[in-house]
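Q: The lines below spell out each chain.
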Amino acid sequence: KAGVTQTPRYLIKTRGQQVTLSCSPISGHRSVSWYQQTPGQGLQFLFEYFSETQRNKGNFPGRFSGRQFSNSRSEMNVSTLELGDSALYLCASSLEVSGANVLTFGAGSRLTVL
Amino acid sequence: GDSVTQMEGPVTLSEEAFLTINCTYTATGYPSLFWYVQYPGEGLQLLLKATKADDKGSNKGFEATYRKETTSFHLEKGSVQVSDSAVYFCALIIGSQGNLIFGKGTKLSVKP
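As they're listed, the protein sequences go chains V and C. Under the numbering used here, read the first sequence as residues 1 to 114, first letter to last. Under the numbering used here, read the second sequence as residues 1001 to 1112, first letter to last.
Since the hints were derived computationally from the structure, they do not count as laboratory data. C-beta: ideal position from N, C-alpha, C; glycine also. Worth double-checking, as some hints may not be accurate.
Going by beta-carbon spacing under 8 Å, a handful of chain C positions derived as facing chain V [to be verified]: (1) Lys1049; (2) Lys1104; (3) Gly1105.
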């Protein structure tokens, strides 16, 4: 069974540019979440999508956006990049069942902003 | 608000030593608790979980017990190996639709 696939794995951008990251969840998983990981702030929740609708959103500026397609694949976009956006962006998918919602993470997309 | 506090690292141990990484939480509801592990250059892998008080999660020799009275979920392993060197994250989630709230992570280095 394929895991969560994130592309690209590494990318370098300059300030002011925009970037789009892609996430393909595990087959059958309908919930996709995004997290930002930095050395200073640790792991922070960005947003969660379920059946093409944003269900939860973290405390990030509007430059950070996302969407989910009918096949559950998700993209996140960051516009007007700042140096502080350099981070590992992690995507996770889950199969919602009663009880604990267990998230399976991808390997991440490492963004460097110069 | 809901939060997770785990012991600061790094933690350096010799092979076969006993490991404890402390984790405590604050939650308004009834959380499920998790330990995730991150190896260098990789994403997060679920190590173990517990969904209610007194549950014990276990995997690969690691264990953690959900203690509601002390709001804790400490990670333990009786005999660590060099291959256990990684960053360990304690996390919680409220209900089935919440987001994961992570601790800051504890880096473990095991020396041969």
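Q: List, from low to high, the hint numbers that the structure doesn't satisfy.
A: Every hint satisfied by this model.
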